[in-house]
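Top to bottom, those sequences are chains C and G. Be aware that the first sequence starts at 1, since it is given in the working numbering, and climbs by one per residue. Be aware that the second sequence starts at 1, since it is given in the working numbering, and climbs by one per residue.
By construction, these hints were calculated from the structure, which means they are not laboratory data. Just so it is clear, CB atoms sit at the ideal spot from N, CA and C, and this is done for glycine as well. Treat the hints loosely; a few may be bogus.
[What the hints assert, rightly or not] Dumping the calculated SDA-like pairs for lysine to any residue here, alpha-carbon to alpha-carbon at most 25 angstroms: (1) G:LYS161 to G:LYS140; (2) G:LYS44 to C:THR199; (3) G:LYS135 to C:ASN215; (4) G:LYS93 to C:HIS66; (5) G:LYS93 to C:LEU22; (6) G:LYS93 to C:PHE415; (7) G:LYS140 to C:LEU22; (8) C:LYS212 to G:LYS140; (9) G:LYS135 to C:LEU29.
[Stated by the list, open to error] Simulated DEER-style distance windows between Cβ atoms: (10) C:SER104 to G:GLY60: 12 to 22 angstroms; (11) G:GLY148 to C:HIS182: 31 to 41 angstroms; (12) G:ILE146 to C:SER344: 36 to 46 angstroms; (13) C:THR462 to G:LYS93: 23 to 33 angstroms; (14) G:THR136 to C:LEU56: 36 to 46 angstroms; (15) C:PRO246 to G:LYS135: 20 to 30 angstroms; (16) C:GLY499 to G:LYS135: 53 to 63 angstroms; (17) G:VAL150 to C:ILE33: 34 to 44 angstroms; (18) G:LEU151 to C:ALA467: 31 to 41 angstroms; (19) C:VAL10 to G:GLU33: 53 to 63 angstroms.
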Amino acid sequence: MILRPRLEEVKIIGYYLGKIILGLAFTMLIPVIIGLAFKELNPTFDFLIGFEAALLFGFFLTRVCHTEKDLNWMQGMIVVSLSWLAAMALGAIPLFLSGHWKSSLDACFEMMSGLSTTGLVLVQDLDHLSFAHNLWRHLGPFIGGQGIAIVALSFFVKGTSGAFKMYVGEAREEKLLPNVIHTARFIWLISIVYLVLGTLALGITGILNGIKPANAFFHGACIFMAGFDTAGFAPQSQNILYYHSPAFEMVTMFFMVFGSLNFNLHYQLWNGNRREIFKNIETRTLFISIMLTFFIVTVGLNQLNVYPKAILLFRKGFFHLLSGHTTTGYMTIYATQFINEWGSLALVTLICAMALGSCACSTSGGIKMLRVGIMFKALKEDIKRIILPGKAVVVEKFHHIKDVFVEDRSVRAAFLITVSYLVLYIAGALIGMFFGYPFLSSLFESTSAAGNVGFSCGITDTAMPTALKITYIIQMWAGRLEFMSIFALIGFVMASIRGKK
Amino acid sequence: MLKRISAVLFLVFILAYGPQQVICFAKSISSTELINNAKAYDGKTVTYEGEAIGDIMRRGEYAWINVNDGINAIGIWINVSLLKDINYTGSYKSSGDKIEVKGIFHRACLEHGGDLDIHAESVRKIESGRMIDRKTDPAKRNLSLILGGVLVLIWILSLFKRK
C-alpha cells in the first residue's frame, strides 16, 4: 500500500530546497560584479532581479517550511531533483531578460544544458552577448558540474547525515574524505585551484594567438569552466573554431580529459599517489575505449577521405572523438558537417563514444567507464567459469583506489544504470523521429542530450518543436542525476496523488 | 555579313548569359549554403558578406577574423594589409563593420588543420560599424529596486521577530 506523504515530509523537502536556492542566489552576485566591472548596466539589473527573486523564493521556503529534522534517503533524493529544476527556472531569469533567448523555455533549456554540463545551445546572436551573461552561461556548468547540492553543502547545511543523502542524490557515491561536507569543500578547493591555473594557461595561449589580454583571460576562464566541467559552452558562436589555433585546441583537450577524471582520482593525485592513474580501472578502460573508437573513426573518415592529411585527422577526428568521449562537446566543425561529411561508420562510433562517457564521480555524463569496466570484468568472470573446471574457484578483481572484488551487487547496479541510459537514448531518438527527423540525426542528438555531451548535428535549434525541447531538458536532467533522484521524485508525486492517507 | 552575324550572336550571348554570370560572381553566398554544400564549393572563389565579430587575431603577416552573416560565423584568413578598413568588430558594446570578402573557400583547409575557412583575396567595407549606446532599461531598474525593497522589508521584519 502506498501512503500519501505527510505535511511534515513536504516541509522537510521545502526547507532543504530553500537552503539550496539561497546558496544558488548568491552565485548570481558574480555576474553582477562582472556587469558592474564592464559597465554593463542592463545585464547587471538582469542579475540583480534574478538574485532577488531567488533570495525571496529561498527565504519563503526556509521560513514557511522551517524544521529541525534531518533528511531521509527519499527526501534527500527529492530535494536534489527539485533543486535542479528550481536552479534551471531561477537561473534562466537573467538569461530571458537579456533578450538573447526567444522564449522562457529556450532560456530554461540553455540553463539546464549548462547546469547538467551538456552544452547544447539555443542562444541567439551569441557574438553580441554581454560579459555578464556569458559568464553566467559558463558558471552554470561550474556550479552544476561540481553539484548544485554541493554549493549548499559547503556553506549552508550543517547536518552531515542529510548532506550525504543529497551528495549521493547528485550521482556521487564516492566520499573522498570521511566527512561529506569536507568532501564537498575539497571538490570546490581543487576546482578553484584548477580554475586559476586553467584561466592562466588558456589566457596566455589566447594572447599568443592575437586576442586582447582582457578578452583572452575572460575567454580563458569561460573555456576552462566549460571544458573542465565537460560542458562545451564557448563565449563565441563558432565554439572552439573561433580561435583557429592548434595550441588552444591542445590545451582544451588536456582540460577536457582532466575534467572527466574521477574526483577521487584527483584526490589521489593531489596527495602524490600518481601511480593510481595507471592502475585505476576507469582510466584504463577510458584509454582503451578512446583508442578503439578513434581507430574506427579514423577508418570511417579515411573511407570517405574527409580529412586527407594525418594532422587534419588529429585536429578534427581525434579532437571531436575526445570531446565526445569525455562528454564535453567542444566543436571545431559546424553542426551539419557531422551528418553531411562524416559518414555512418565514424558517426555511429562517435555516438557510441558519447553514450559510454567518461569517469564516475566526475563532471562528465554517459554510462561511465567504471560501469563499463565492472561489466567487462563480470563478463570475463563468467567466461572463465564456463571454460575452467566446475570445481575451480573463479574470482575477478579490479582496482579503483583499492582492490575490489567483482560482486553481483555492483554488477547489477552497473547493469541497471546502463540499461536506463540505453532506454533514455532510444526514447529520445524515437521522439526525434516522431517529429520527422532522420534516424541517425535523432539518435545523435538524443545521445548527446542524455549523455550530457552537447554535440549537435543541427536538430537543436530555436525552431525545433516545443515537445522536443522539453524532451531534451528531461534527458539532460535525468542523465546528469543518473535516474535515482528522478525515480524518487516520480514516486513521491505518484504517492501524493494515489497514496492512502 | 559573317562578321555581322558573329557580332549579333556574340551580343545575344552576352545579353543572355553575361549579366547572369556577372551577378552569380558578385552575389554573396550565405554561410548556410557554404557549410551545407561545402564539397561543391571547396577550392572555389566565393563572395561572402557579414559582420566582423570578436577579435582580430594577428598571426605574422596574416590574421584571422570571423565574419557572421546572421546565421553562422566563418573564419577568414586575411593578409594584414587588407585589414586597414576594418575599424569595428561586433561585441556587446559595438556592431562590427559589415564587409564583403572575396576569396577561396576551403571545406577542410590543408593549411589550417582542416578548418572550414575562406582565404581572402579582397575585402570591401559595405557598412561601417559603430559603438552601441545602450540606455538603461527603466522597467528593469524599477523591478530590481522593488524586489530589493521587499527583501529589505522582510529582513527588517525578521529582525523584529527575533527580538
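Now the hints, each set against the structure:
1. G:LYS161 to G:LYS140: Roughly 32 angstroms between the alpha carbons, so the hint for LYS161 of chain G and LYS140 of chain G is violated.
2. G:LYS44 to C:THR199: violated (39 angstroms)
3. G:LYS135 to C:ASN215: Status holds; Cα separation ~24 angstroms.
4. G:LYS93 to C:HIS66: Judged against 25 angstroms, a Cα distance of about 46 angstroms means the pair is violated.
5. G:LYS93 to C:LEU22: violated (32 angstroms)
6. G:LYS93 to C:PHE415: It is violated: about 52 angstroms lies between the C-alpha atoms, which goes past 25 angstroms.
7. G:LYS140 to C:LEU22: holds (22 angstroms)
8. C:LYS212 to G:LYS140: Judged against 25 angstroms, a Cα distance of about 32 angstroms means the pair is violated.
9. G:LYS135 to C:LEU29: holds (22 angstroms)
10. C:SER104 to G:GLY60: 12 to 22 angstroms: violated (47 angstroms)
11. G:GLY148 to C:HIS182: 31 to 41 angstroms: With a Cβ separation near 35 angstroms, GLY148 of chain G and HIS182 of chain C satisfy 31 to 41 angstroms, so the hint holds.
12. G:ILE146 to C:SER344: 36 to 46 angstroms: At 57 angstroms between Cβs, range violated.
13. C:THR462 to G:LYS93: 23 to 33 angstroms: holds (25 angstroms)
14. G:THR136 to C:LEU56: 36 to 46 angstroms: violated (23 angstroms)
15. C:PRO246 to G:LYS135: 20 to 30 angstroms: Violated: the Cβ-Cβ distance is about 43 angstroms, outside 20 to 30 angstroms.
16. C:GLY499 to G:LYS135: 53 to 63 angstroms: holds (55 angstroms)
17. G:VAL150 to C:ILE33: 34 to 44 angstroms: violated (22 angstroms)
18. G:LEU151 to C:ALA467: 31 to 41 angstroms: holds (37 angstroms)
19. C:VAL10 to G:GLU33: 53 to 63 angstroms: Since the Cβ atoms of VAL10 of chain C and GLU33 of chain G sit about 56 angstroms apart, the hinted range of 53 to 63 angstroms holds.
In this structure, the hints that do not hold are numbers 1, 2, 4, 5, 6, 8, 10, 12, 14, 15, 17, in rising order.
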